[in-house]
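Chains as they are written, first to last, in my numbering: chain Z, 1 to 115; chain W, 1 to 110.
One or more hints might be untrue.
If you anchor each label on the Cβ, the simulated ranges turn out as follows [unchecked claim]: (1) G29/W with N7/Z: 26 to 32 Å; (2) S40/Z with P21/W: 35 to 41 Å; (3) S39/Z with E58/W: 29 to 35 Å; (4) G84/Z with I74/W: 37 to 43 Å.
These are calculated hints, taken from the structure and not from any lab test.
Built from N, CA and C at the ideal position, the CB exists for glycine as well.
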Amino acid sequence: DAMVIQNPRYQVTQFGKPVTLSCSQTLNHNVMYWYQQKSSQAPKLLFHYYDKDFNNEADTPDNFQSRRPNTSFCFLDIRSPGLGDAAMYLCATSRGDRGLNQPQHFGDGTRLSIL
Amino acid sequence: DAKTTQPTSMDCAEGRAANLPCNHSTISGNEYVYWYRQIHSQGPQYIIHGLKNNETNEMASLIITEDRKSSTLILPHATLRDTAVYYCIVRVRTGNQFYFGTGTSLTVIP
């Protein structure tokens, strides 16, 4: 049973046209993450939510935004996609109770192509 | 966050133990070592983690040196389905961020 669900698996958008990727989870985890993974590279953390608190990585471009309307859902918005934003986008969750050091659970990603 | 160094690639014969090393010489006392793997076109999968003691679960064993500057992930009987990229990550004990290193591409050979 899928616990972190990313839809769609493949997304195509046009250069400069805003796009939203979605992630949902059935684990009731309070932390949700977004990663960008380009071909043959490791996943790169963009930002994460601890409950409703948004934590941006210092080198994440302003073009990338996120929303978390409730515990179960999190969205990645790319305001003006460029060709360099073509990548796999991975969503992950974890229990964020401090000190418990719980692992992350990943979805299978959305592969974004830019035309 | 402490950085990790892993070999770029490794081969292992099917049925043999796969030993994947990771160096984390700048690890601090409150940082855990995590291992994930990523099979092509899938999201990373959690394998195991530890602080200073060796750990074992149904998937693998984690051996951490006494000085904690390096660790080894052991897959006791590698199968073809273990072919994947294996990532070693160090994580602050009270932090929420996971930063992936470059990983080791393991190929299990029939």
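How the hints compare with the structure:
1. G29/W with N7/Z: 26 to 32 Å: For N7/Z against G29/W, whose Cβ atoms are near 41 Å apart, the range 26 to 32 Å is violated.
2. S40/Z with P21/W: 35 to 41 Å: 21 Å, violated
3. S39/Z with E58/W: 29 to 35 Å: Because 32 Å falls inside the window, the suggested range holds.
4. G84/Z with I74/W: 37 to 43 Å: 38 Å, holds
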